[in-house]
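Protein chains: 2
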Amino acid sequence: MTINVGLIGIGNIGTGVAEYLRDYGVSHGLRLKAVADADPGKLKNASLPGTFLTDDASKVTKDPQIQIVIELIGGENPARQIKLDAIDNGKAVVTANKFTISRYSRQIFQAARSRGVDVRFEASVGGGIPIIQSLQEGLAPNAITLITGIVNGTTNYILTRMSEGMEYETALKTAQEKGFAERDPYLDVSGQDSKHKLAILASVAWNSWIDPASVPCEGISQITPGDMDFAAEFGYAIKLLATARKRSSKVELRVSPALVSVSHPLAKIADEFNAIYLDGNFCGPQMFYGRGAGRLATTSAVMADVMHIARNLRRGVRDELPSLDEKYELATDSVSGGYFRLDLKHVAGSLAKVADILARHGISIRDSVQRNKFKREVNGDIVVPDIITVEPVSDSRVKKALAELEECDSVYGKPFYLRIED
Amino acid sequence: MTINVGLIGIGNIGTGVAEYLRDYGVSHGLRLKAVADADPGKLKNASLPGTFLTDDASKVTKDPQIQIVIELIGGENPARQIKLDAIDNGKAVVTANKFTISRYSRQIFQAARSRGVDVRFEASVGGGIPIIQSLQEGLAPNAITLITGIVNGTTNYILTRMSEGMEYETALKTAQEKGFAERDPYLDVSGQDSKHKLAILASVAWNSWIDPASVPCEGISQITPGDMDFAAEFGYAIKLLATARKRSSKVELRVSPALVSVSHPLAKIADEFNAIYLDGNFCGPQMFYGRGAGRLATTSAVMADVMHIARNLRRGVRDELPSLDEKYELATDSVSGGYFRLDLKHVAGSLAKVADILARHGISIRDSVQRNKFKREVNGDIVVPDIITVEPVSDSRVKKALAELEECDSVYGKPFYLRIED
Chain A
1422 MTINVGLIGI GNIGTGVAEY LRDYGVSHGL RLKAVADADP GKLKNASLPG TFLTDDASKV
1482 TKDPQIQIVI ELIGGENPAR QIKLDAIDNG KAVVTANKFT ISRYSRQIFQ AARSRGVDVR
1542 FEASVGGGIP IIQSLQEGLA PNAITLITGI VNGTTNYILT RMSEGMEYET ALKTAQEKGF
1602 AERDPYLDVS GQDSKHKLAI LASVAWNSWI DPASVPCEGI SQITPGDMDF AAEFGYAIKL
1662 LATARKRSSK VELRVSPALV SVSHPLAKIA DEFNAIYLDG NFCGPQMFYG RGAGRLATTS
1722 AVMADVMHIA RNLRRGVRDE LPSLDEKYEL ATDSVSGGYF RLDLKHVAGS LAKVADILAR
1782 HGISIRDSVQ RNKFKREVNG DIVVPDIITV EPVSDSRVKK ALAELEECDS VYGKPFYLRI
1842 ED
Chain B
1422 MTINVGLIGI GNIGTGVAEY LRDYGVSHGL RLKAVADADP GKLKNASLPG TFLTDDASKV
1482 TKDPQIQIVI ELIGGENPAR QIKLDAIDNG KAVVTANKFT ISRYSRQIFQ AARSRGVDVR
1542 FEASVGGGIP IIQSLQEGLA PNAITLITGI VNGTTNYILT RMSEGMEYET ALKTAQEKGF
1602 AERDPYLDVS GQDSKHKLAI LASVAWNSWI DPASVPCEGI SQITPGDMDF AAEFGYAIKL
1662 LATARKRSSK VELRVSPALV SVSHPLAKIA DEFNAIYLDG NFCGPQMFYG RGAGRLATTS
1722 AVMADVMHIA RNLRRGVRDE LPSLDEKYEL ATDSVSGGYF RLDLKHVAGS LAKVADILAR
1782 HGISIRDSVQ RNKFKREVNG DIVVPDIITV EPVSDSRVKK ALAELEECDS VYGKPFYLRI
1842 ED
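Quick note, the sequences are listed as chains A and B, same order.
Residue 1422 is where the first sequence starts when you use my numbering, and the numbers rise one by one after that.
Residue 1422 is where the second sequence starts when you use my numbering, and the numbers rise one by one after that.
Source of the hints: derived by calculation from the structure; they are not laboratory data.
Any given hint might turn out to be false.
Since copy identity is lost for identical chains, a pair holds within one copy or between any two.
Unchecked claim - Taking lysine-lysine pairs in the DSBU-like style, the calculated list, with each CA pair at most 35 Å apart, reads:
no.	residue 1	residue 2
1	K1667	K1689
2	K1480	K1820
3	K1599	K1667
It should be emphasised that the depicted structure is a prediction, and the values quoted were computed from it without experimental measurement.
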């Protein structure tokens, strides 16, 4: 039984999926019946004999012969409505769209449940890495306690170049030239992209809807060569981590750059690669590594979902979508090692004042390194970056100390803080 | 609908699975109805209220109320017959038994196919790592070109200790003390365990029955501190790799220690951990990392299989088992960089003779390092280990060169050879 597939969005990923279906569809009993894209130029470039091409998505979502709709247009609108329309018309949906899945999973799953159709979204996190299915099936016997991942290839590529000595701006430019960063890199470098992916992973792991808006999020643009220099010397890599921890019903969420010990498997993930590290009460620590983006890797994940649904359709069954109704509380204060980088005015007593502030907040210094080689003049003052790592401390204490350090007349500008994940 | 499960074999892993079912079975609609073990002592220690305990496996395989039989006794007999009996009696089978699955997969799958029952074996490779399901589903759209893994925790633990300076014998003893090696370590250190796991991975990836007996297999017992010393200095780790490559219909298979560049993700896999690295034409390089053995991790994999089958039973479907009938040829000659370790007699001209032999076989030297610090006296001769790495060369040339080197009067004993995986 040949299953008819419709595709909406024929950009970079869509082209990969369309060509897979064109070249290998027959051997999997799949036929790409129709493709819609709002941009007639993209449709013109498509080389898809026998496939109906249209600029009207509803011609795909309403086609009674189509059983699976693949939505690959990205962004929020009209991607959300297109999925709901397809479901309404009794079609299974496959998507790579992290924004709509993270924000509207409950609505989309509920619609699919009442209509009796499948929804799959493997490609929304980690490109070709089968992490969603692993969480839903292979690791299902476990209570997952930790998910921490490098889920954005752009920022990992930039941080890898920075670890080799490049400044942030140059590394970003290189990433753009190589096609690893968009012309407007905001969604990647700000951590927004990682935030939505983390929300999806945590939602699947804990059967709770995790609102991406509830994830505190910091980007990488403030990382300096001085930070990289310290990290290399003291046995760390700096990585943009998307982290979710669960202790009983408390969930801690965060996207931020962090110092990762070089002995941790995540420290070695280089270039544009992604990796998701997790821990479960039976499986123990696990890591899944691979290409987190790009036409071919994403095509692999999308097609795995399509083939899974096709098998379900042939057997007359569908998967149970997670109810996402487990209750949880957001943890508001957590504890970790910390890294302060302060621009100290180059006058006697500066470090003493800083040490005093940390001491008054009960923060114990581990290492303190003044970096004369990064000394510079700012507004007539000589400032020297001073790096202080501290023993595990709660976020709330750090916050208070940072506020006081910012007021301190020995500290120039805003102090910079990173967590240390040992 | 509660599904009745029977367990055969209540050793270390069996106890983990039995306790999982006792503690969490109800919430998954599963009930451990019966446990069989030939050893009444093990049954006596089991704390499983409400579960029927017997020393007769056929009381489990013939119980008409049991729908899933978990076989965890290991070894070949009676494990193979027990699975066939369970299938004959219409029961689905879950096993962690790499020996019987690798050797008799065709027979077992064929029996299951005709009887209409599921067989799953996630725990047979990589402990808690969901690698079998990923190959069967998440990576199904890909033509897999390479599988290379560290699939034996015992040897990886030993090699990690050796990389820190321990001799092989001491490292093995430490592994035994820590419970990472059996009292008789033969199956692990000889590579036999890895061989069976590789055969399973390759069979699943290529839908061909790969006879484990066809996998050339070398163990780790010949690795010396001198090899480790060289590897560390020249940017390599020494790992026991289980490797399968496919180029068109040619399959290359091998279990052997190899030098792995430190920039390769597998080089960092430490201690008793496992990792499977693979490459596919769409997904690109991927790596799956986790605990490859142990009660809890293996329980995770076994229970994931049981839960998957239970869902199938509730929906009245079963999975399609691979036919394993794709034709392939075994590649007989392959090319890689190489590492020679020779005990040279400490007399003038020794190295010249060796270099001449390599040159006559068209083998190009990359690095040559004489290791005076490992100099020793053997039967009145002073011998110095000399290490020579060479540019990529075919196995057949290496074989001829090794035979000639062994005959060479400047070389003491048998020359040692490792492949280099860059």
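Outcome of the hint check:
no., hint, verdict
1, K1667 with K1689, "both (25 Å within a copy, 27 Å between copies)"
2, K1480 with K1820, "neither (54 Å within a copy, 64 Å between copies)"
3, K1599 with K1667, "between (37 Å within a copy, 30 Å between copies)"
Violated hints amount to a single one, hint 2; each of the other numbered hints is respected by the structure.
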